[in-house]
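**Q** Top line first, the protein sequences correspond to chains A and B.
Quick note on our numbering: the first sequence kicks off at 2 and runs consecutively.
Quick note on our numbering: the second sequence kicks off at 3 and runs consecutively.
Honestly, the hints are just simulated from the structure, not real lab data.
Check the hints yourself; a few may be wrong.
As the list claims (entries may be wrong) - Cross-link-like lysine-lysine pairs, in silico, DSS-like; alpha carbons within 30 Å at most:
hint, chain 1, residue 1, chain 2, residue 2
1, B, K108, B, K66
2, A, K129, A, K312
3, B, K4, B, K66
4, A, K312, B, K286
5, A, K393, A, K312
6, A, K185, B, K4
7, B, K4, B, K253
8, B, K66, A, K312
Said to hold, decoys possible - Rough simulated footprint, nothing fancy, chain B against chain A, three-plus residues with beta-carbon under 8 Å:
hint, region
9, 51-59
10, 182-193
11, 197-210
Unchecked claim - Partial list, derived from the structure: chain B residues whose beta carbon lies under 10 Å from chain A:
hint, residue
12, D118
13, R172
14, D197
Only a predicted model underlies this, so the values are computations on that prediction, with no experimental measurement involved.
All residues carry an ideal CB built from backbone N, CA and C; glycine is no exception.
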Amino acid sequence: MTRIVLKGGTVVDSRGERDGDVAIEDGHVVEVGSSLQGGDVVDAAGCVVAPGFVDLHAHLREPGKEEAETIETGSRAGAKGGYTALVAMPNTDPPQDSVAVIDFVREQGRRAGLVDVVPSGCITLGRKGEALAPMAELAAAGVRIFTDDGSGVQDELLMRRAMEYGKGLGVTLAQHCEVASLTKGAVMNECQCCTSLGLPGWPSIAEELMVYRDIELARLTGARVHFLHLSTARSVELVRAAKRDGLPVTAEVTPHHLSLDETRLTTFDTVFKVNPPLRSPRDIAALRAGVLDGTIDALATDHAPHPRRDKELALDQAPPGMLGLETALGVVLGVLQIDLAHLVRVMSVNPARIAGIDDRHGCDVLSGAPANLVVFDPQAAWQVAPESLASKSRNTPYVGIALRGRVRHTMFNGAFTVRDGEAQR
Amino acid sequence: MKHLRSIDELGRDGLLRLLELTNHMVEVNRRPVPKVPALRGRTVVSLFFEDSTRTRLSFETAAKRLSADTMTFSVSTSSVNKGESLRDTVETITDMGVDAFVVRHKSTGIPWQISDWTSASVVNAGDGWHQHPTQALVDCFTVREAIGRERFDGLTITIVGDIEHSRVARSNMSAFSMLGANVVLVAPPTLLPPDVSHWPVEVSYRLDDVLARTDILYMLRLQSERMSQGHVPNLREYAETYGLDALRVAKLPPHAVIMHPGPMNRGVEMLIDPSALPNSLIHKQVANGVSVRMAVLFDLLAGESSAANLQQVAS
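Next up, chain A with everything else stripped away, as it sits in the complex (with noise of 0.2 Å):
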């Protein structure tokens, strides 16, 4: 049996900060401790050493667009992103809506072998927001998660028989808010850069009523929400109020959300288009701020490929979407003063408890526990090279971004999947 030391690094957690090396064995932390010895010392000097991410939120394209991503490549780019666990976004082709489907993503999650795969159901059959996807079914396939992202589902009734009968088998909706009559063919925020490129706005306004909505929904009804991606300074103070009432609310944003604001789409470059909107400096700090005082419970990545003819489009035809695994951490420890333990409790505990993943990712660093693990230097300064990418398509908004922060090494399952930040399958 081989063993591993984790040498010289700060372990943080739910638990907070300490020193210390961390022993590996057939899978498990075993020790954790100083000067631990044996096995294959790996070092970690200047590092955190932590439960492994969990990214809510990621387009692995498969099964259907296969040009852009596979859910071996999107493994990849995750595991280089420090993530040992994804949620799979259900707006394949066809959709994640059978149990069939569900069972070829977790499959093929497996066989990449990379990080768990977990597949999101859709709420609504084939995410058309007209039927419910068999939930039970789904459900009793594992799904713990359930969300027709990519849409929002329109229909209230319709949202409300999913939050009653999401209720009765203890899974999480996730919605991506968006009132689609508000958007029809939108392309970027709402706001005086819009007016003069003459584009097609995206008011806030879209976001919020559906958040609001879907607030009130879980009042009525008590089942858990999570909000996806949420890209406005009211819907995070709508959350917020939320929380305060005690619903059983909770809710991601994205890194580019926090990094980038609606001014980039003035060099017409399509790799900014996403949705929701990049939207203005106020919606950014307002963001933040949520990050930073519990608000806002996650930091989910919406990698979104597209391959390069499709981002080559004009501006209103090009599809929307972003890469994110590869950047995440980055990103974030780049724009946000945020100490390290409340970092790791939005980027692996909570999304793992709100995946319902809890029993193996984001656990806390102690004997006994699943050694899914990142290893990441928080000082770093790099830049993305796009080339040297682990995902199958290049649409990166980071290039010529000074980033903070890099992952060193990643452990899935006790053996490394990144070391010395190179990816080893």
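Could you slot chain B onto chain A? The hints should help.
**A** What follows is chain B alone, placed relative to chain A:
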């Protein structure tokens, strides 16, 4: 100047330079044989993905009067219909050795994307609702002729109609105010962009309130599809509130002039026969289109020898 993509990129100095150059081209166009060899050996491609009468024909005429070779790319008969991407199309045409693309497209930003894919110059002949810089140049030149001075200080130019969906409004608003005009935008709030507070303009929702102090009344076309999208209840109501009829003409000061970029919607924004207006500049706008576009192509393509070439044009 490498590209002409927007009035803001062109800037005030560029705007003044092109208007000055247009004077020379007007002179060329008055000659019995209105043709000079300034751009001999240069090739200009029209890449029009949207319908156009005035702009495309005036660019092609302008190129020919400067002795450039012209190619016309017609979307309906091209490999775009076989699914060839815009980038591949642009790269293919670039490989044939062209010096300028004149581009019209329904999407904002296409001229910027194309200039990433080609070494040739790019002229924006209209992108989405965004910019139509040569129309703005034509209109500035036409106003200059009409008022007999180069700066627009003290002049109130009222632009009326569908501001939100108008590239003409966006480029003209910038160009007019660069030259010193006081620009007033008139539209119902549903046809204004979401936030114009940073634009150097005044906004009014009521045409009748601003007519008496308007020196130049610039009418925009209202597309009938705006009705189905809920921007206005119906065209009759729009015509009553924002259309130009004899009563409204009577409210203008006697010296005021009327402009329209075409194509006109008679019975919607124009309820009066423009040929019956004593002060219409609409035909002059079309006539100046060729001279302005000659100035633009000359400025982009005459290159190192432009001074010598200008001599040639002037002689």
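**Q** Does each hint hold? Answer for all of them.
**A** Results for each hint:
Using a Cα cut-off of 30 Å, the hinted pair K108/B and K66/B holds, with the two alpha carbons roughly 26 Å apart. Note on K129/A and K312/A: the hinted pairing holds, with a Cα-Cα distance of about 25 Å set against a maximum of 30 Å. With a C-alpha separation of about 20 Å, the suggested pairing of K4/B with K66/B holds against the 30 Å cut-off. With a CA separation close to 42 Å, the supplied pair K312/A and K286/B exceeds the 30 Å bound.
Pair hint K393/A plus K312/A holds up; C-alpha atoms about 14 Å apart against a cutoff of 30 Å. As the CA atoms of K185/A and K4/B are separated by approximately 36 Å, the hinted pair breaks the 30 Å bound. For the given pair, K4/B sits about 44 Å from K253/B by alpha-carbon distance, which is inconsistent with the 30 Å threshold. Between K66/B and K312/A the CA atoms are separated by roughly 36 Å; this puts the pair beyond 30 Å, and the hint is violated.
Counting residues of the region 51-59 of chain A whose beta-carbon sits less than 8 Å from any beta-carbon of chain B gives 0, not enough to reach three: the coverage restraint is violated. With 4 residues having a beta carbon nearer than 8 Å to a beta carbon of chain B, the region 182-193 of chain A meets the requirement of three or more and the stated coverage holds. Figure legend: the region 197-210 of chain A, annotated as covered by chain B; annotation consistent (6 residues with Cβ-Cβ distances under 8 Å, at least 3 required). Using the Cβ-Cβ criterion of 10 Å, the hint placing D118/B at the interface with chain A is satisfied: the shortest such distance is roughly 9 Å.
Evaluation of the R172/B hint against chain A yields a held restraint, the C-beta minimum of about 6 Å falling below 10 Å. Checking D197/B against chain A by beta carbon gives a least distance of about 5 Å; that is within 10 Å, so the hint holds.
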